[in-house]
Amino acid sequence: FSNTAMGAKGTLTVAGGTVRATDKLVAGWERATTGTVWVTGGEVKIGNTGLFLGVEGFGKMIVSNGVVTTDLAYFGDVSGYRGSLEIYGGSVSVYSNVLMGYCPKANTGSVVIAGGSLHITNDWEDISAVLDLSGGTLTLSGGLLEVDTFVITNTCARFIYTGGTLIYNYSILSSTLDADGDGLRNDWEVQYGLGPLNPFGDDGADGDP
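Take the position in the sequence shown, starting the count at 1, then add 11; the result is the number in this note's numbering.
Bear in mind the hints are in silico, worked out from the structure with no lab data behind them. One should not assume that every hint holds.
Derived lysine to any residue pairs resembling SDA-like cross-links, with alpha carbons at most 25 Å apart [said to hold, decoys possible]:
| hint | residue 1 | residue 2 |
| --- | --- | --- |
| 1 | 56 | 157 |
| 2 | 35 | 138 |
| 3 | 56 | 188 |
| 4 | 35 | 152 |
| 5 | 35 | 80 |
| 6 | 56 | 107 |
| 7 | 35 | 58 |
| 8 | 35 | 100 |
| 9 | 20 | 67 |
| 10 | 116 | 138 |
| 11 | 35 | 76 |
| 12 | 35 | 23 |
| 13 | 56 | 116 |
| 14 | 56 | 29 |
| 15 | 35 | 21 |
| 16 | 35 | 160 |
| 17 | 20 | 42 |
| 18 | 20 | 43 |
| 19 | 35 | 75 |
| 20 | 116 | 100 |
| 21 | 35 | 99 |
| 22 | 116 | 169 |
| 23 | 56 | 21 |
| 24 | 35 | 141 |
| 25 | 56 | 76 |
| 26 | 20 | 30 |
| 27 | 56 | 155 |
| 28 | 35 | 53 |
| 29 | 56 | 27 |
| 30 | 56 | 137 |
| 31 | 116 | 45 |
| 32 | 35 | 22 |
| 33 | 116 | 99 |
| 34 | 116 | 29 |
| 35 | 56 | 75 |
| 36 | 35 | 107 |
| 37 | 116 | 188 |
When you get a sec, could you build the whole thing from the sequences and use the hints?
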């Protein structure tokens, strides 16, 4: 959504019914274009090539109700610039991998979960789906984030966790980074039995004890 003209803009709004993209859905394809997808109800089903938000332009999806399902998702991917997903209600399910941003090229992805749910879990229940936060910011302030494997290994990635529920089976984190932004390095938190993705601490207070 958004054509090839420089500065072009395109919008898709789904308020009910079912939208099927048999191959892929792309918002913000060409350089300096902007594509926006609003999901306020109904269902969006995307084929096995996946959801692309921001390929060479700016791509955004806002979900306030309804259901979105896709096998793969890329938010500001390796060839892209900036892509974002905002969830305030409803649910988004990715059955394989999510790539947010791409640190080597300074491409950024942004995901905001303030309500509803984001599930990055394998459709066959073998716990192999991956959320790779390579560049940009993931903010969880409400709702639910469920992930099979959570990866944060780059300095240009940031996870902000202020509320809601985080469920994950495995994490791959750089030992020298502070994944949850509580001022404590990941390796220190692991050494002392604290949660490197939990800024609230084991006692429920803000910050690890």
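Each hint, compared with the structure:
1. 56 / 157: holds, 19 Å
2. 35 / 138: Holds, at roughly 24 Å.
3. 56 / 188: violated, 36 Å
4. 35 / 152: violated, 29 Å
5. 35 / 80: Holds, at about 11 Å.
6. 56 / 107: The hint holds at about 14 Å.
7. 35 / 58: holds, 5 Å
8. 35 / 100: holds, 23 Å
9. 20 / 67: holds, 13 Å
10. 116 / 138: violated, 29 Å
11. 35 / 76: Between residue 35 and residue 76 the Cα gap is close to 21 Å, so the pair holds against 25 Å.
12. 35 / 23: holds, 14 Å
13. 56 / 116: violated, 30 Å
14. 56 / 29: Roughly 7 Å between the alpha carbons, so the hint for residue 56 and residue 29 holds.
15. 35 / 21: Holds. Residue 35 to residue 21 sits at ~16 Å (cutoff 25 Å).
16. 35 / 160: Measuring from Cα to Cα gives roughly 24 Å; hence the hint holds.
17. 20 / 42: Roughly 11 Å between the alpha carbons, so the hint for residue 20 and residue 42 holds.
18. 20 / 43: OK: residue 20 and residue 43 at ~9 Å, within 25 Å.
19. 35 / 75: Measuring from Cα to Cα gives roughly 21 Å; hence the hint holds.
20. 116 / 100: violated, 32 Å
21. 35 / 99: holds, 23 Å
22. 116 / 169: holds, 16 Å
23. 56 / 21: It holds: about 19 Å lies between the C-alpha atoms, which stays within 25 Å.
24. 35 / 141: holds, 19 Å
25. 56 / 76: Holds, because 14 Å separates the two Cα atoms, which is no more than 25 Å.
26. 20 / 30: Distance of about 20 Å is within 25 Å: holds.
27. 56 / 155: Within the cut-off at roughly 20 Å; holds.
28. 35 / 53: Within the cut-off at roughly 18 Å; holds.
29. 56 / 27: holds, 13 Å
30. 56 / 137: Judged against 25 Å, a Cα distance of about 22 Å means the pair holds.
31. 116 / 45: Holds, because 20 Å separates the two Cα atoms, which is no more than 25 Å.
32. 35 / 22: holds, 16 Å
33. 116 / 99: violated, 29 Å
34. 116 / 29: Not OK: residue 116 and residue 29 at ~36 Å, beyond 25 Å, violated.
35. 56 / 75: holds, 16 Å
36. 35 / 107: Given pair residue 35, residue 107 holds - Cα atoms ~14 Å apart, limit 25 Å.
37. 116 / 188: holds, 20 Å
Of the numbered hints stated above, those contradicted by the structure are hints 3, 4, 10, 13, 20, 33 and 34, listed in ascending order.
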